[in-house]
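K.L.:
Sequence:
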Amino acid sequence: LVFMLLCATTANAMTVRQLRLLEANEKNGKTYAGYYLVGVMEGLREATEASQREGRKPPFCVENRKLDPEMARSLYQTELKRNADSYEADMPVQLVLSAALRSSYRCTH
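Sequential numbering from 159 applies to the sequence shown in the working numbering.
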């Protein structure tokens with residue numbers, strides 16, 4: 159089931175609702191969800207670095223600050239709590255995590 163869920167989300171990003179269901183209904187759901195969040199965060203980070211290499215303004219700047227994979231879940235959950243009225247269950251996880259990174263890692267230049 160998890161494999162099918164992850165394959166189904168290849169074309170469409172996993173939603174907040176789908177991530178919650180994965181965590182709640184699968185034996186290793188919390189672990190799988192954590193891996194998904196890390197993957198999304200790393201993808202966003204690579205996209206940001208690519209935009210910098212191309213001379214475009216990045217959406218967030220890590221610079222010399224700490225951003226480790228184990229921070230993905232707390233960034234995501236904090237963003238959902240901080241802006242609970244802004245997110246619906248059918249919005250993509252990527253949208254939430256992207257907003258969390260922009261908020262936590264603002265560019266200073």
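Among the hints, erroneous ones may be present.
[What the hints assert, rightly or not] Computed cross-link-like contacts, SDA-like style, restricted to lysine to any residue with a CA-CA straight-line distance of at most 25 Å: (1) K185 <-> L238; (2) K224 <-> Y193; (3) K188 <-> E228; (4) K188 <-> L202; (5) K188 <-> R175; (6) K215 <-> R203.
The set of hints was computed from the structure by calculation and includes no laboratory data.
K.L.:
Does the alpha-carbon distance linking K215 and R203 stay inside the 25 Å limit?
P.N.:
holds (13 Å)
K.L.:
Hey, K188 versus E228, does the alpha-carbon distance stay inside 25 Å?
P.N.:
Distance of about 13 Å is within 25 Å: holds.
K.L.:
Given the hint that K224 pairs with Y193, does the C-alpha gap stay at or below 25 Å?
P.N.:
holds (19 Å)
K.L.:
Does the alpha-carbon distance linking K188 and L202 stay inside the 25 Å limit?
P.N.:
holds (21 Å)
K.L.:
Has the given pair, K185 with L238, been kept, meaning a C-alpha gap of at most 25 Å?
P.N.:
OK: K185 and L238 at ~24 Å, within 25 Å.
K.L.:
CA of K188 to CA of R175, is that 25 Å or under?
P.N.:
holds (14 Å)
This entry satisfies every hint, going by the numbered hints stated previously.
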